[in-house]
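Just need the whole structure built from these sequences, with the hints factored in.
Chains A and B, in that order, are what the protein sequence lines are. Residues in the first sequence are numbered consecutively from 1, following the working numbering. Residues in the second sequence are numbered consecutively from 546, following the working numbering.
It is worth saying that the hints were derived from the structure and are not from the lab. No incorrect hints appear here.
Taking lysine-lysine and the DSBU-like style, the derived pairs with C-alpha atoms no more than 35 Å apart in a straight line are: (1) A:Lys156 with A:Lys174; (2) A:Lys322 with A:Lys102; (3) A:Lys180 with A:Lys48; (4) B:Lys641 with A:Lys366; (5) A:Lys442 with B:Lys742; (6) A:Lys180 with A:Lys102; (7) B:Lys743 with B:Lys733; (8) B:Lys686 with A:Lys442; (9) A:Lys425 with B:Lys569; (10) B:Lys641 with A:Lys442; (11) A:Lys442 with B:Lys665; (12) A:Lys425 with B:Lys686; (13) B:Lys569 with A:Lys442; (14) B:Lys788 with B:Lys742; (15) A:Lys363 with B:Lys641; (16) A:Lys303 with A:Lys48; (17) A:Lys366 with A:Lys533; (18) B:Lys641 with B:Lys779; (19) A:Lys442 with B:Lys733; (20) A:Lys156 with A:Lys102; (21) B:Lys743 with A:Lys442; (22) A:Lys425 with B:Lys665; (23) B:Lys641 with B:Lys665; (24) A:Lys425 with B:Lys641; (25) A:Lys425 with A:Lys366; (26) B:Lys686 with A:Lys533; (27) A:Lys533 with B:Lys641; (28) A:Lys102 with A:Lys174.
A few chain A positions that, by computed beta-carbon distances, are all more than 12 Å from chain B: (29) Met26; (30) Ala66; (31) Glu87; (32) Pro177; (33) Asp214; (34) Gly252; (35) Leu339; (36) Arg369.
For each residue, glycine too, the CB sits at the ideal point set by N, CA and C.
Read off the chains here:
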Amino acid sequence: MRKATTSRPGSRHRAAMRRQGIAFGMIRGFSFMTIALLGLILGFILWKGFRYSNIDRSTLLPHAEASPDGLVLAVHGDQDMPGIDWEELYGMYTDEYINWSKLDQSDFDLVPVAVDPLTEDGARVEAFLFGSEAEGGFPLWGGLVEYAGSAEAALKVVAERQGAVTIVPAAAAKAFPGIKTVPVRRLAIAMNQDATEFVDESYLEDLTAQNIRDLLGGRITNWKKLGGPDLSVVPMAPPMGSALAAEAGRAGLTYPRPTVPQPATDMASYLADIAGTSGAVGVAYAGDATLAGIPLAWMTRVKTGWNLTLRYLLEPPRLSGKTGGISSIIANTFFMLLLTLAFAAPLGVAAAVYLVEYARQGKLLKLLRLGTETLAGIPSIIFGLFGFLFFVNILHFGFGLLSGSLTLTLMILPTIIRTSEEAMKSVPRSLREGSLALGATKLQTIFRVVIPASSPGILTGLILAIGRAVGETAALLFTMGSDYNMARGLFSSARGLSAHVYLLFAEGISFDKAFSTATVLVVVVLLFNFAAKRVIGRMHRQAAA
Amino acid sequence: MQQSPPKFSISDLNLWYGTSQALKDITVDIEERSVTALIGPSGCGKSTFLRTLNRLNDLISSVRVEGSVLYEGADIYAPDTDVIDLRKRVGMVFQKPNPFPMSLYDNIAYGPRVHGIRDKATLDDIVERSLVQAALFDEVKDRLQTSALGLSGGQQQRLCIARVLAVEPDVVLMDEPTSALDPISTAKIENLLEELKKQYTIVIVTHNMQQAGRVSDKTAYFFLGELVEYAGTKELFFNPRDKRTENYISGRFG
Ligand SMILES: Nc1ncnc2c1ncn2[C@@H]1O[C@H](COP(=O)(O)OP(=O)(O)O)[C@@H](O)[C@H]1O
Ligand SMILES: [Mg+2]
Numbered sequence: 001m002r003k004a005t006t007s008r009p010g011s012r013h014r015a016a017m018r019r020q021g022i023a024f025g026m027i028r029g030f031s032f033m034t035i036a037l038l039g040l041i042l043g044f045i046l047w048k049g050f051r052y053s054n055i056d057r058s059t060l061l062p063h064a065e066a067s068p069d070g071l072v073l074a075v076h077g078d079q080d081m082p083g084i085d086w087e088e089l090y091g092m093y094t095d096e097y098i099n100w101s102k103l104d105q106s107d108f109d110l111v112p113v114a115v116d117p118l119t120e121d122g123a124r125v126e127a128f129l130f131g132s133e134a135e136g137g138f139p140l141w142g143g144l145v146e147y148a149g150s151a152e153a154a155l156k157v158v159a160e161r162q163g164a165v166t167i168v169p170a171a172a173a174k175a176f177p178g179i180k181t182v183p184v185r186r187l188a189i190a191m192n193q194d195a196t197e198f199v200d201e202s203y204l205e206d207l208t209a210q211n212i213r214d215l216l217g218g219r220i221t222n223w224k225k226l227g228g229p230d231l232s233v234v235p236m237a238p239p240m241g242s243a244l245a246a247e248a249g250r251a252g253l254t255y256p257r258p259t260v261p262q263p264a265t266d267m268a269s270y271l272a273d274i275a276g277t278s279g280a281v282g283v284a285y286a287g288d289a290t291l292a293g294i295p296l297a298w299m300t301r302v303k304t305g306w307n308l309t310l311r312y313l314l315e316p317p318r319l320s321g322k323t324g325g326i327s328s329i330i331a332n333t334f335f336m337l338l339l340t341l342a343f344a345a346p347l348g349v350a351a352a353v354y355l356v357e358y359a360r361q362g363k364l365l366k367l368l369r370l371g372t373e374t375l376a377g378i379p380s381i382i383f384g385l386f387g388f389l390f391f392v393n394i395l396h397f398g399f400g401l402l403s404g405s406l407t408l409t410l411m412i413l414p415t416i417i418r419t420s421e422e423a424m425k426s427v428p429r430s431l432r433e434g435s436l437a438l439g440a441t442k443l444q445t446i447f448r449v450v451i452p453a454s455s456p457g458i459l460t461g462l463i464l465a466i467g468r469a470v471g472e473t474a475a476l477l478f479t480m481g482s483d484y485n486m487a488r489g490l491f492s493s494a495r496g497l498s499a500h501v502y503l504l505f506a507e508g509i510s511f512d513k514a515f516s517t518a519t520v521l522v523v524v525v526l527l528f529n530f531a532a533k534r535v536i537g538r539m540h541r542q543a544a545a
Numbered sequence: 546m547q548q549s550p551p552k553f554s555i556s557d558l559n560l561w562y563g564t565s566q567a568l569k570d571i572t573v574d575i576e577e578r579s580v581t582a583l584i585g586p587s588g589c590g591k592s593t594f595l596r597t598l599n600r601l602n603d604l605i606s607s608v609r610v611e612g613s614v615l616y617e618g619a620d621i622y623a624p625d626t627d628v629i630d631l632r633k634r635v636g637m638v639f640q641k642p643n644p645f646p647m648s649l650y651d652n653i654a655y656g657p658r659v660h661g662i663r664d665k666a667t668l669d670d671i672v673e674r675s676l677v678q679a680a681l682f683d684e685v686k687d688r689l690q691t692s693a694l695g696l697s698g699g700q701q702q703r704l705c706i707a708r709v710l711a712v713e714p715d716v717v718l719m720d721e722p723t724s725a726l727d728p729i730s731t732a733k734i735e736n737l738l739e740e741l742k743k744q745y746t747i748v749i750v751t752h753n754m755q756q757a758g759r760v761s762d763k764t765a766y767f768f769l770g771e772l773v774e775y776a777g778t779k780e781l782f783f784n785p786r787d788k789r790t791e792n793y794i795s796g797r798f799g
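Now the structure itself:
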């Protein structure tokens, strides 16, 4: 049909319209794609910055017990800890941890407090941690442990000292002021040794929550299905009426039908059954199973939480930024920008004044303009090298705020000169004449009329230049150094936001923190751009008036 | 009327922009407390002449001036002339209103401030007096702190006049001050001139013959950089001596 119509008069036109339609469609498509891509990138950074989501391997079920064996773990009331793993709890009392940085990212010293094991309460705690001697347990109290005469005495220490922990009977901790109790995760899936054998280089895979329900519920009948050996699954039920059975119930684990002819009636024989029955699987306390030498199944669990919190903004960084916040880094960035502005704004405006008002328009001026334009296009790393050589070494300023800010000043000066020059050139001649005709001097005219009239343009240039400075990384590492503590003076090494992002990432310190710092950086840059837009908008409104 | 010495006494004034001559052998006296109108076709040198009176042509680097311009008997082109002081005494209103992008108050206080007046009460006084003199006070007294750019064109021009009056000049130069305004604003400014000439010496460039006829006491006709004829306004209009003046005027009124 198309072919038939080619000779008709309107067809050429229609074909052209169609081509135009396609072209428009493509342009629209591309622009939407660009916008979508932008949104995606920004959204991704913000999302990653605000939330962390880590896949973590553990042998523990996510279920946490408020008071395991009638005991509670007590911490200082200000401690922020939603739950603790059995291994961590055990490690606290066996000298595995000496401070809280790995536990809840605060940097208090860890003070494990135990009730004297010779008292009744103390003996209960010892049995809870290390197993009763009847079960083959042997107390391995760490050297850091401090002993208290009673549960109350132990709680008193914890209430007064942030970083201290203790384990006491639940009744003692109830309504005790100044403390907080932390639920403990200690339920695990114990398996018979045979299920963990290597077969054809394949090993039992990490279990999911669904896998565990299916294993215990008898819906997975062979370990082969989970990458293990060709072996029947024998689900075991914990002793009827035991604390373990009750806890497993609370954790949502069910045993729909009896699985072995005679379910064990006490814990010891239950564990012995798992150890002795090929292919057996059952829920157990991690500590008991480890003591009995029974392997535990690995599970994957996804840990999510807030990454960018108010605390992150207000706390100084610790451990190279792995923990803590970025308060000092935000402050350093602020100092750096302020100092850079203090150098660059007067210099840039003065240079622009010279170029517009005083320099004779000629070859020299053209050369000067070419120079500024070229400087504006030079990669920032070159400025970094120059700054390192000149400010850090030749002038002996060392790595510090001053060297960094001077380097940034050189970097953004051309931009500031260019924009200020344009702004001043656009001030109408009639305003200058008006001022001069009133008997003002040239200098008065410049300071009272020309600069104020061009201030929106000058300000916009400054804001955009500062936006570039805040994103600078490499040049600053060469000149400002990378100390993440708050700068103490002009010659003090300091780290800004972008350098922090770079170092967190490049040194593999923390991917999550890199993203949350990046988010802060993005917000800062957006704020600068927003401010520039507002100023430009005001300028246009003024021009229109 | 007693004859007082002329405010300006210009003799054999020649002016060049680079190599092109814009003013040729101008010799003229400008009388005190009168309105002198400068007329002539576009490009004949009226603005250039006006700007020699406050040395605003100095801003253009290619300008060269010869001859003498005596202001109250002293040559303003003499090397020891204080140009700042001259411009303070010889104010200027431009063709297009050029208020500064600041408040009304700051616009008017600008001149006194650059001349060193800091006292708030004094400045308040000056601002009010200048606005009253420029017949603008009643219209704007409630918005002195708002931007001058928000005023209408006619108000802006009167503000510029007030701004000049605030430095208490002696002569006011006006370069086609109403050419960018509507008839009502123009009438207001013409009435204002009537008042101002009692106190100031006014030199006004205009393209509008009726305006020159209405407001001026003397008129100078410029043509191609020459001062062709200078006489009382009525005499020049009704009894021109030079053929070129007659042609221009009859063409204009025609
Ligand atoms: N800044 C300048 N540079 C060079 N020539 C100028 C300049 N200003 C005016 N001229 C020339 O001087 C002559 C007189 O101009 P002007 O005084 O503005 O005339 P008028 O005000 O009577 O229209 C014109 O030929 C104009 O082109
Ligand atoms: Mg003119």
